[in-house]
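Please work from the sequences and hints to get the whole structure.
There are 2 protein chains.
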Amino acid sequence: MRSDCHVCRSEGFEVHARVKVSLNGKSILATLNTTQDGLLKPGEVSLSNYAWELLDAKENEEVFLSHPKPLQSLSLVRAKVYGNELATHEIQHIIEDIAKGRYSDIHIATFISACAGGRLSHREIIDLTKAMVNMGQQITWPNTMVVDKHCVGGLPGNRTTLIIVPIVAAFGLIIPKTSSRAITSPAGTADTMETLAPVDLSINDIQRVIEQEGGCVVWGGAVQLSPADDILIRVERAIELDSEGQLIASVLSKKIAAGSTHIAIDIPFGPTAKIRSLNQAEKIKSLFECVAATLGTRVAISITDGSQPVGRGIGPALEAKDVLAVLQNTPDAPNDLRERALTLAGTIIEFSPDVKEGEGKAIATKLLDEGKAWQKFQAICKAQGELREPPSAKFTHPITAKGKGRIVNINNRQLSRVAKLAGAPFDSAAGVVLHTPLQTTVEKDQPLFTIHADSKGELNYALSLVLEDPNIIQLEAYT
Amino acid sequence: MRSDCHVCRSEGFEVHARVKVSLNGKSILATLNTTQDGLLKPGEVSLSNYAWELLDAKENEEVFLSHPKPLQSLSLVRAKVYGNELATHEIQHIIEDIAKGRYSDIHIATFISACAGGRLSHREIIDLTKAMVNMGQQITWPNTMVVDKHCVGGLPGNRTTLIIVPIVAAFGLIIPKTSSRAITSPAGTADTMETLAPVDLSINDIQRVIEQEGGCVVWGGAVQLSPADDILIRVERAIELDSEGQLIASVLSKKIAAGSTHIAIDIPFGPTAKIRSLNQAEKIKSLFECVAATLGTRVAISITDGSQPVGRGIGPALEAKDVLAVLQNTPDAPNDLRERALTLAGTIIEFSPDVKEGEGKAIATKLLDEGKAWQKFQAICKAQGELREPPSAKFTHPITAKGKGRIVNINNRQLSRVAKLAGAPFDSAAGVVLHTPLQTTVEKDQPLFTIHADSKGELNYALSLVLEDPNIIQLEAYT
Numbered sequence: 008m009r010s011d012c013h014v015c016r017s018e019g020f021e022v023h024a025r026v027k028v029s030l031n032g033k034s035i036l037a038t039l040n041t042t043q044d045g046l047l048k049p050g051e052v053s054l055s056n057y058a059w060e061l062l063d064a065k066e067n068e069e070v071f072l073s074h075p076k077p078l079q080s081l082s083l084v085r086a087k088v089y090g091n092e093l094a095t096h097e098i099q100h101i102i103e104d105i106a107k108g109r110y111s112d113i114h115i116a117t118f119i120s121a122c123a124g125g126r127l128s129h130r131e132i133i134d135l136t137k138a139m140v141n142m143g144q145q146i147t148w149p150n151t152m153v154v155d156k157h158c159v160g161g162l163p164g165n166r167t168t169l170i171i172v173p174i175v176a177a178f179g180l181i182i183p184k185t186s187s188r189a190i191t192s193p194a195g196t197a198d199t200m201e202t203l204a205p206v207d208l209s210i211n212d213i214q215r216v217i218e219q220e221g222g223c224v225v226w227g228g229a230v231q232l233s234p235a236d237d238i239l240i241r242v243e244r245a246i247e248l249d250s251e252g253q254l255i256a257s258v259l260s261k262k263i264a265a266g267s268t269h270i271a272i273d274i275p276f277g278p279t280a281k282i283r284s285l286n287q288a289e290k291i292k293s294l295f296e297c298v299a300a301t302l303g304t305r306v307a308i309s310i311t312d313g314s315q316p317v318g319r320g321i322g323p324a325l326e327a328k329d330v331l332a333v334l335q336n337t338p339d340a341p342n343d344l345r346e347r348a349l350t351l352a353g354t355i356i357e358f359s360p361d362v363k364e365g366e367g368k369a370i371a372t373k374l375l376d377e378g379k380a381w382q383k384f385q386a387i388c389k390a391q392g393e394l395r396e397p398p399s400a401k402f403t404h405p406i407t408a409k410g411k412g413r414i415v416n417i418n419n420r421q422l423s424r425v426a427k428l429a430g431a432p433f434d435s436a437a438g439v440v441l442h443t444p445l446q447t448t449v450e451k452d453q454p455l456f457t458i459h460a461d462s463k464g465e466l467n468y469a470l471s472l473v474l475e476d477p478n479i480i481q482l483e484a485y486t
Numbered sequence: 008m009r010s011d012c013h014v015c016r017s018e019g020f021e022v023h024a025r026v027k028v029s030l031n032g033k034s035i036l037a038t039l040n041t042t043q044d045g046l047l048k049p050g051e052v053s054l055s056n057y058a059w060e061l062l063d064a065k066e067n068e069e070v071f072l073s074h075p076k077p078l079q080s081l082s083l084v085r086a087k088v089y090g091n092e093l094a095t096h097e098i099q100h101i102i103e104d105i106a107k108g109r110y111s112d113i114h115i116a117t118f119i120s121a122c123a124g125g126r127l128s129h130r131e132i133i134d135l136t137k138a139m140v141n142m143g144q145q146i147t148w149p150n151t152m153v154v155d156k157h158c159v160g161g162l163p164g165n166r167t168t169l170i171i172v173p174i175v176a177a178f179g180l181i182i183p184k185t186s187s188r189a190i191t192s193p194a195g196t197a198d199t200m201e202t203l204a205p206v207d208l209s210i211n212d213i214q215r216v217i218e219q220e221g222g223c224v225v226w227g228g229a230v231q232l233s234p235a236d237d238i239l240i241r242v243e244r245a246i247e248l249d250s251e252g253q254l255i256a257s258v259l260s261k262k263i264a265a266g267s268t269h270i271a272i273d274i275p276f277g278p279t280a281k282i283r284s285l286n287q288a289e290k291i292k293s294l295f296e297c298v299a300a301t302l303g304t305r306v307a308i309s310i311t312d313g314s315q316p317v318g319r320g321i322g323p324a325l326e327a328k329d330v331l332a333v334l335q336n337t338p339d340a341p342n343d344l345r346e347r348a349l350t351l352a353g354t355i356i357e358f359s360p361d362v363k364e365g366e367g368k369a370i371a372t373k374l375l376d377e378g379k380a381w382q383k384f385q386a387i388c389k390a391q392g393e394l395r396e397p398p399s400a401k402f403t404h405p406i407t408a409k410g411k412g413r414i415v416n417i418n419n420r421q422l423s424r425v426a427k428l429a430g431a432p433f434d435s436a437a438g439v440v441l442h443t444p445l446q447t448t449v450e451k452d453q454p455l456f457t458i459h460a461d462s463k464g465e466l467n468y469a470l471s472l473v474l475e476d477p478n479i480i481q482l483e484a485y486t
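Chains A and B, in that order, give the protein sequences.
Note that our numbering has the first sequence beginning at 8, numbered continuously upward.
Note that our numbering has the second sequence beginning at 8, numbered continuously upward.
Hints should not be assumed to be uniformly reliable.
To be verified - DSS-like cross-link-like pairs, simulated, lysine-lysine; straight-line CA separation at most 25 Å: (1) A:Lys107 / A:Lys137; (2) B:Lys379 / B:Lys368; (3) A:Lys281 / B:Lys76; (4) A:Lys290 / A:Lys137; (5) A:Lys463 / B:Lys48; (6) A:Lys363 / A:Lys401; (7) B:Lys65 / A:Lys48; (8) A:Lys292 / A:Lys368; (9) A:Lys463 / A:Lys368; (10) B:Lys48 / A:Lys48; (11) B:Lys368 / A:Lys48; (12) A:Lys76 / B:Lys281; (13) A:Lys65 / B:Lys368.
Claimed, not checked - Label pairs and their in silico Cβ distance ranges: (14) B:Tyr89 / A:Pro444: 49 to 59 Å; (15) A:Asn478 / B:Gln231: 37 to 47 Å; (16) A:Arg130 / B:Ser29: 48 to 58 Å; (17) A:Leu285 / B:Thr147: 50 to 60 Å.
It should be emphasised that the hints constitute simulated quantities derived from the structure, not laboratory data.
Even glycine gets a Cβ: it sits at the ideal position worked out from N, Cα and C.
What follows is the structure, given as structure tokens:
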């Protein structure tokens with residue numbers, strides 16, 4: 008709004024004020040930005056896209072502005088800041104206000120930091136999970152066993168989901184997998200899947216695909232599962248605060264809302280992974296087990312090596328090509344991606360009462376090697392709409408070794424940045440292919456990695472970062 | 008920026024991203040908002056007024072955008088969230104980044120809540136205060152004793168400052184008072200003073216006024232004293248979190264930066280005041296004393312009754328008229344305002360080595376009664392630029408008693424809201440005059456309060472709230 012308009016002046020609305028905006032019986036709480044120049048006339052308001060959607064507003068409609076009632080649940084957030092334990096209904100109250108968009112980012116950040124540092128009791132984590140489930144849509148299944156998988160904290164290129172889902176579905180279990188798009192990374196699982204099939208499915212479509220094929224890989228954002236979690240995650244990312252309690256409530260609420268009964272959880276740890284130490288991984292594992300048990304959900308948790316990226320491609324289509332190579336058993340398929348996928352698929356298969364402990368991985372391997380997983384994957388893609396060929400980039404440019412040596416270090420963060428500058432994830436064909444994992448020995452002028460881009464401009468943009476930082480891949484000369 | 012512009016796409020800037028904006032050797036960290044429509048062309052950016060000022064930008068200049076380096080100090084904030092005690096240089100690092108505008112509101116809210124709930128040690132509060140002082144301008148004085156006053160948490164109409172400053176200056180002490188403008192209230196001390204004299208003075212002008220008259224009342228926002236505090240306070244207000252540690256660092260950093268050596272602090276407590284209980288007031292008092300002693304600052308702390316508003320006027324000019332009535336000793340001057348001002352002025356005068364304990368108030372009373380304070384006030388106003396007549400509103404409207412009775416309750420919050428709807432503090436003449444304090448007995452149709460407004464529209468706006476809530480002033484019928 009204009010800061011000098013009569014509504015701002017008489018209501019005393021100042022920049023950053025929380026304002027209730029009502030239209031046709033709907034209302035939202037918005038944070039006010041003010042302008043002084045000609046963008047708006049006195050009495051006019053401009054809304055964010057998010058607000059337009061929530062209010063279902065049309066241009067030139069008349070909105071009603073007022074001071075919002077003080078949010079009662081903020082006093083509960085303050086109580087948590089002061090170290091009090093919150094009751095079940097108090098947590099429900101906070102999560103309801105968050106899910107309905109009543110909290111500003113400042114309020115959400117306060118709630119998140121009040122809960123961090125081990126300040127949530129087990130009961131509070133359980134109540135938080137339940138409250139988050141209850142605030143969104145829930146999918147129900149006729150099956151008594153519905154399986155799922157989750158990986159805590161990303162490793163670049165770790166697209167095991169696209170291999171695990173068809174293996175598990177080919178085995179005969181129900182696995183309705185919802186995945187996210189990239190936020191800060193060059194590709195999310197949903198972005199990668201989208202280069203192979205549509206992922207933007209409604210709940211009805213998801214149910215139809217599962218009925219037909221037993222498995223799917225769809226974008227979770229299209230269905231409103233645990234919407235409070237989506238809101239909390241956005242702010243958690245901004246402060247890079249992933250408290251253990253919130254992490255567990257986040258993962259379990261999404262899975263329970265999706266109707267899952269048995270969940271395999273992968274916790275990779277390593278210096279560049281989200282979980283840095285084995286100790287921290289063990290702690291999260293036991294917390295997951297305790298909370299899940301109370302909620303009546305079975306979990307199988309693997310702590311795995313997270314010291315290296317997985318596969319070769321970084322970027323949606325390039326990662327999809329790694330996945331296809333594994334599913335099609337081509338000789339050059341990245342073995343690390345295959346092995347991780349088979350181990351996790353085995354864990355999930357062992358949820359089945361007919362399978363003995365330790366036999367799952369062999370079953371998974373057989374399904375993959377005999378082409379059953381690849382058949383199932385094609386059927387899932389067709390059921391989701393169509394099976395697509397992942398696109399290839401117009402321009403490629405290899406980065407070569409300056410001398411002979413052995414690869415001793417790979418800066419995953421910088422490699423991801425190169426992929427993003429090249430256009431990933433928006434240009435789905437763009438990204439980076441890594442040719443030389445750790446310990447590879449290379450000759451002078453041998454390609455280390457190749458940049459893929461859809462425009463000369465983006466290719467040059469990515470190249471300029473490589474020139475600026477020659478140590479993205481570090482060689483140790485050997486004699 | 009436009010979300011589809013090449014810079015957003017190649018850099019991967021998404022809505023809410025933190026972006027470094029550089030121009031002519033200056034740079035800021037900004038939070039990105041994106042637009043899709045015709046407001047901006049691809050490659051164009053629009054800046055907030057705050058950003059324009061910080062960058063000293065002109066239209067059509069070319070800015071350089073980049074990903075900011077991760078802020079190292081955020082890991083310290085996270086350490087505080089996890090309950091660690093921060094070292095001196097770590098607190099300095101955080102406060103420097105805050106003062107330089109590098110933290111988003113989300114980061115600031117995280118820091119504030121990590122420090123709340125008694126999680127700052129005495130040493131941390133001391134370091135926080137010092138760091139805040141060091142990040143801004145500091146005023147130095149040739150005098151060995153420079154006094155000041157502060158009131159923790161506002162009572163409506165409590166404009167003692169404008170009475171205390173001339174009394175203390177008339178006594179011969181140096182009192183360079185900086186005050187704030189209203190943020191959420193109908194008038195700040197600076198707004199009230201501005202109806203009587205200019206308050207927008209530079210540090211040089213403040214020093215000149217003090218040299219001439221020994222006292223001043225100016226707007227603190229015009230001088231950069233403890234700028235980190237201004238940033239923290241904005242977010243604290245949004246979450247209504249006033250941690251004790253932050254409160255003490257906030258008050259003392261401003262005063263020490265202003266060069267004060269002896270500070271009288273008023274802590275009113277009561278059900279509608281900021282401090283609710285005597286117990287809480289006592290705790291803050293002892294924390295103030297401990298921290299101030301380490302910093303070499305003398306404090307005298309009074310815990311006072313905060314159960315009622317002070318004076319009659321609510322709104323800049325109406326409060327100024329209360330102040331003038333006390334200074335000019337008119338028969339209808341509000342006695343509660345006079346008494347509070349004299350008590351506090353007495354406390355300050357007792358800082359003087361020549362004055363015995365318990366003698367201060369009598370000295371203050373004499374200076375006021377003999378007209379010395381009024382003379383000094385006029386001289387201070389002239390030194391600040393001119394002595395002004397506070398304006399009167401064009402429209403007034405009395406609200407009368409519906410029947411005979413005794414005043415048993417006054418809703419201060421609603422009364423302030425009526426004053427704001429009438430136009431305060433922007434229209435300095437607007438506001439409310441309360442005629443009947445608690446326990447007054449009134450006849451039917453006797454005026455309870457009068458609304459003052461500069462336009463019919465605003466008057467009606469205020470009246471509609473009064474009609475909506477007939478219990479702003481509650482009567483108990485008596486026989």
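Evaluated hints:
1. A:Lys107 / A:Lys137: Roughly 16 Å between the alpha carbons, so the hint for Lys107 of chain A and Lys137 of chain A holds.
2. B:Lys379 / B:Lys368: 15 Å, holds
3. A:Lys281 / B:Lys76: Holds, at roughly 19 Å.
4. A:Lys290 / A:Lys137: 21 Å, holds
5. A:Lys463 / B:Lys48: 22 Å, holds
6. A:Lys363 / A:Lys401: 49 Å, violated
7. B:Lys65 / A:Lys48: 23 Å, holds
8. A:Lys292 / A:Lys368: Given that 25 Å is the threshold and the Cα spacing comes to 21 Å, the pair holds.
9. A:Lys463 / A:Lys368: 45 Å, violated
10. B:Lys48 / A:Lys48: Distance of about 21 Å is within 25 Å: holds.
11. B:Lys368 / A:Lys48: This hinted pair is violated, its Cα atoms lying about 55 Å apart.
12. A:Lys76 / B:Lys281: 19 Å, holds
13. A:Lys65 / B:Lys368: 65 Å, violated
14. B:Tyr89 / A:Pro444: 49 to 59 Å: 34 Å, violated
15. A:Asn478 / B:Gln231: 37 to 47 Å: Holds - the Cβ-Cβ distance for Asn478 of chain A and Gln231 of chain B, about 41 Å, lies within 37 to 47 Å.
16. A:Arg130 / B:Ser29: 48 to 58 Å: 49 Å, holds
17. A:Leu285 / B:Thr147: 50 to 60 Å: 56 Å, holds
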